Each structure stands twice: as structure tokens, then as C-alpha cells.
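Build the full structure now, drawing on both the sequences and the hints.
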Amino acid sequence: MSAERRPDLRVSLSADPARPLELPNPIVTASGCFASGREIDRFFDIGGLGAVVVKSLTLEPRLGLPTPRMVETDSGMLNAIGLQNPGVDAWLANDLPWLAERGVRTIVSLAGKTVAEYRTLAERVRGQPGIAAIEANISCPNVEDRGMVFAAREEATRDAISQVTRVSAVPVFAKLTPDVTDIAAIAAAAVEAGATGVSLINTLSGMAIDVETGRPRLGGVTGGLSGPAIRPVAVRAIHEVHRALPDLPIIGMGGVRSVPDVVELIMAGASAVAVGTATFADPFATLELVEGLPDWLAERGYRSVRQLRGAVQA
Amino acid sequence: MSTVPGRGQPTPYTRGREDGPVRSICEVLAYRKIGAYHQLTIVAPDIAARATPGQFVSLAVEGGGTILRRPFSITGVSQHGPWAGTIDVVLDVVGPGTAWLAGRSKHDVVDVVGPLGRGFPLPRQPATCLLVGGGYGAAPLLYLAAQLQHRGHRVDLLFGAKTGERIFNAIEGKRQASSTRFTTEDGSFGTQGRVTDVLPDIATSTGAEAIYACGPMGMLAAVAAQARERRLPCQVSVEELMGCGVGVCNTCVVPYRRRDGLANVRACYEGPVLDAKRVVWEAIGTTAMAGEPVEQGDAS
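If you're matching them up, the sequences are chains A and B in order. For what it's worth, the numbering used here labels the leading residue of the first sequence as 31, then goes sequentially. For what it's worth, the numbering used here labels the leading residue of the second sequence as 3, then goes sequentially.
No wet-lab data here; the hints were simulated from the structure. For clarity, every value in this text was computed on a predicted model and none was experimentally measured. In this text, a Cβ means the ideal position worked out from N, Cα and C, and glycines have one as well. One thing to keep in mind: the hints can contain errors.
[What the hints assert, rightly or not] Quick list of the computed label-pair ranges, beta carbon to beta carbon:
hint, chain 1, residue 1, chain 2, residue 2, range
1, A, ALA215, B, VAL95, 43 to 53 Å
2, A, GLY133, B, GLY105, 44 to 54 Å
3, B, ARG280, A, ALA341, 50 to 60 Å
[Said to hold, decoys possible] Which residues of chain B face chain A? A partial, calculated answer using Cβ under 7 Å:
hint, residue
4, ARG25
5, ILE27
6, GLY67
7, ILE69
8, LEU243
9, CYS251
10, ASN266
Okay, here's the thing in C-alpha cells:
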């Protein structure tokens, strides 16, 4: 196959000409599954990925939850890490320059405990070289609302996202939880608050019990379910949001590990696809999807990955 | 797992950079049952060439809806012979993943990532080293013993377990040390009791100048306390449940005093070998540090 016949993998993740986001391919990392970037760069040049979404950053450093933090479940895993991270300032000083130097398209994930913290976080990262976009992780507990996650309510979603969009010069994605009745309504609230797009889906809330001891199998008691077990939930959530808001860019994620999985999320309506748990099983998972996607498209006569977006005949 | 790229490739298939860890699809050269444990010898020339004692590999498993790899200490490396490089790993069957691996035999294919983690730092000057292993925590210490002896250090071994069949590879241990001592909790092999019951006597009689330990966290904490009392440098290889093995999931954390402050470090990345005096033993598995912001320190 000659080079010019290679299918076009480029995708656009922003409809806003003032805040563009063009990626050379649709494969990105899922937040919390790629650490600082250095760990996987030991295996391959991570600059070849569409983008790297970093682990959620908070205002202060966080040590996270006690162990055990992970338990494998049928075709999936539960995790309760507790947003362990070095804090936004340490990340800006130690990790972002390394990513920027390598030309990695970096999407910074921000997690606040209050509405006001989202604004402070967005102000800290504003104008920092190398940040291509913000992903506002609003699937975390709001301490001002009895620990209810922001993305569980339309109003809290609007409040948190508007704080970020008000100060951000780069595209803003709202990362939503699937643990809601009407995810399209939450996505619409994020759009009203100025979000460029949405990231679907965060982990599902879950729990596992050791029946021999009668104790929860996670130190944090409940945790987030990820892996192949949740992929159908992701496909459904993406499909619902894409049907309600066809022009809204969507970063899809949830249990993706093969090229057909990537295509499935794109057909449901994703513009780009993030890979998380699959990297735990294979450090090369993301790279091998970037490499495998063109052949899959070419074998079926597709010229561009964009042709497949929302192509499900439902 | 059949959809994972690399499966079904002819062996050896290796992917990675010029140095650091790689992913290899490898052939099993031999399987051996050693007491309660299973040892696989795997043809992995790239990993064998890069490994140091204390490092580990992670193996993909199949069956039972498993999705994650399983980590295993490297217990020996051969860089010679017709296979140009093999590694030995030891496993204990604890679930469907390890049961699947224990069922592998000669010519079967396994998917290996490694070598991973920080290995044991070796003494700069000739030294008398006491290696203390609990259960199959003895596995990486045999690889370390071989390396220490090769470099002219004196090696004494102290291995303990619940029962005699859980003492890993006593015969190999005896070949690689100036002295060996075994303890079992049921008294079925060696001295009845725990390694820490006899450690002070052995450290005195051999003139130990450094301690290396691997085993369950409770044993490591007790060994670390004894090393501290005797003012001996002590390096421990910690056992903490791992998710990814490559430093990205933050599952296998150990509370640790870093130069820049308290941090949860990753057993698979900053470890598994850690400086015993910096581990915050009393905070392991407790909620003492749960979710609390810290004043300083890079907790990534």
C-alpha cells in the first residue's frame, strides 16, 4: 500500500475556531492510567499517541487511599486510588516540561473538591506551554454537596464547568460519570457552561466483598469499575449523547483494548478514543491501536477514520 | 486475550527500546515443581541480558475472566547455552491466573514484560551479607546470592516459612552460601519458629554487615527493626498487590520517607527493593494517610 493511500487518522476535537484541537490520530490515554508519561515512554515514544491525558490533579498533593487499592473482577477491575497526585504546582514544575519538551499533546485533568477549586486549578494551568486542552474531572465528590459527585447533577455540572471555561484559553472537556439516569442531560448542562466536548465514561461505582473474611476487598470500600466489562455501558452512553448533541466532540472510553473496540466507540459517536485499563495489561496497548487502525480501515475501504463517527445504523 | 496484538506471533517476538524493559512472547524451556512452588524457565534473551537481582517480570495469564498480568520475581538468569538467555521465575498458585501459569509446560508460549522495578543495590566494598527470605520471597534472594558470590562477597542465607514444603529451594540455597539456616513455624524443617527468632544470633556469628530481605510485609517489618537495632544497612523487596507492574496504576503503594517528604511510592516502579529505614512500616495498609493532603512531597 503506498503512503498516500494510507487512511487518514486525523481527528478534530473542537468545533470552536478560537480553541482548536486537532490530533494526528484518535488514540489517547485515559486519565489515571498513564501516570506522568515517563513510565510508558520507557517502552516507546509516547509522542506518537493522539494525546496524553494525565492523572487528575488537585490543588494540594494527595497521598491517596490505603491499600488494597485494586481488585480484579470478572473481565474488569475495581480501583480506589483516592486521587493520589503530586498537586498541580509540582506537576507544572516537574512533569509538564518533560512532556512539552517531547512534543506530547497533553490534556490536563483537573479535579476540585469545590466549585471554586475548579476555577483556581484552571487559572494555575492557564497559559502553560504544552497544554492542548483541559479535561475537568467532575466525577469526584463535591464536599459542599454532602460528597455527591458534581456530574450527578445538571446544576453542579454547570457550576463547575463554567468556572473552568471562564478562564481557559484551551478546549475544555467535561468527564462524566455513567452513574446517572440521563447522561445526555448532564452533557447538555456542560455544553451550556461552555464545554468544548465531553469525555465518556468515567468508571462505574462498584464494590466487592471477600466472603471468607466478610470485609470489603478495597481499602476505600467502594471503587471504580473499569475494563472490558464496562464497554457496553460506554457504547450506550456515547450513543445517547451523540444522538442528543450530534455536533459535540466526544472522547470515548471504557474497556477498549482492540481495534474493533476503538471502531465500536467511534461508530457510537466518539471523535477520539481513550485507553486505560488495557495499558495495565500491555504497556504497548495504545501504540498498537495507533498502528493497527489504518490496516483495519484500509481493508474495508475507508479513507478516513472520521467517516465512521456515529455510523451506527440505529 | 486473543485480541491482544503480539499474540500468535512467532517466538521470539520482542518489542521495546535499546535499554529498559521489553515485552516478549517467549517459549517455556522447562517446568519444575519445587516443594509447594512451580518454576518456569523461559527463553527470553533480551530480558536475561538486562535483568539485575531483585527485578521482576509480569506474565499475561488466561482464563477466569482475568485481564491483568501477574508479577514474579526472577530467581535466576542464564546468559549462555543454545538459547542465548533464559530466566527462571517462581510461582505459587493463589488463583485462576497463577493456576493457568502453573499448567504451562515445555514449548508452551508465555507473554512476558520485564525486567521491571528497582533491583538490589550491591555493596561497593567486599562485605558479609545476610539474606533473609520468607516463603517464596527467597526466590529473588537466590539470584542475588549468586551475583554477590560472583563479586566476592560472603553470603549467608536464612530462609523461613510456615512449613517445610514452603521453604523455597533449600538445595540451591546451600550451594550459593557460606552458611544456610532454615526455620519453619511448624518445625517440619530446620529450626521451629520464625526467621527473626534466630536472626540476631546469625548476624552476630557471621559478622553480617548488610541485610537483604524479601517476604511478607510483617516479616520485613520485623527484620527491618532488628537491622535498625544493630545499625546494619537493610534493603527489602516488598510484597504489595500490583495492578499494572509498570508504574501507571498506583495500586502497589508503600508509605515511604523520601528526601522531599512523605510519599506513597510504587512497589513496581520506585521498588520493589526499598531502603528499610525509610519505609513507614506502621502506616502500611492503615487509613493513617488516607486521602489527607500533605505539606510537601511528590507523591506520584
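Hints not upheld, ascending by number
Those not satisfied come down to hint 5.
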